[in-house]
Structure formats: structure tokens, C-alpha cells
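Based on the provided sequences and hints, a complete structural model is requested.
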Amino acid sequence: MLFSTLNYKYMGLGVLLIVVGFTAMYLENEVHGFISLYISPIVILGGYLTVLIAILKRDKEPPEPQPSA
12 MLFSTLNYKY MGLGVLLIVV GFTAMYLENE VHGFISLYIS PIVILGGYLT VLIAILKRDK
72 EPPEPQPSA
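Residue numbers for the sequence shown, in the working numbering: 12 to 80.
These aren't lab readings, by the way, just hints derived from the structure by calculation.
Honestly, I wouldn't trust all of these hints.
[Claimed, not checked] What follows is a list of derived Cβ distance ranges for each label pair:
(1) M12 with E41: 19 to 29 Å
(2) K68 with F33: 22 to 32 Å
(3) Q77 with Y49: 53 to 63 Å
What you are looking at is a predicted structure, and each value in this text was computed from that prediction instead of being measured.
Even for Gly, the Cβ is constructed at its ideal location relative to N, Cα and C.
Set out below in C-alpha cells:
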């Protein structure tokens, strides 16, 4: 597999944060509201960073045994 299960969990969390941020911005329905100006952009940015970390994170590969000669 390309990613481990932990990577997919991080990606799911990031996508969930992005959806929650845009939904909160939409539900406030006010251009100069506190949530749409301050809270939602931080949540959306956190979601994008979480997805980026999930894509770039690699699991530690076990060391390959060296042949004894």
C-alpha cells in the first residue's frame, strides 16, 4: 500500500477539519462575523496542514538484515 492506516486516518481528519471550517463559515452567513473571519480560516488551514503532514509522513521501515559472509 502507498500509505499506512495512520496516514489515512490523518487524511480523514484533515478533510473533516476542512469541511467543518467551510461549513462554519457558511452557517454564520455574515461577511464580517467573528467565526467567518477568525475561527474558520484557522480550522481550514489546520485541515490543509494535517493532510499535507499525512501525505509526507513515512513510517519507519525496519532495517533489512545484512547477509552474513
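Need the list of violated hint numbers for this structure, in ascending order. Hint check: 1 fails alone, others pass.
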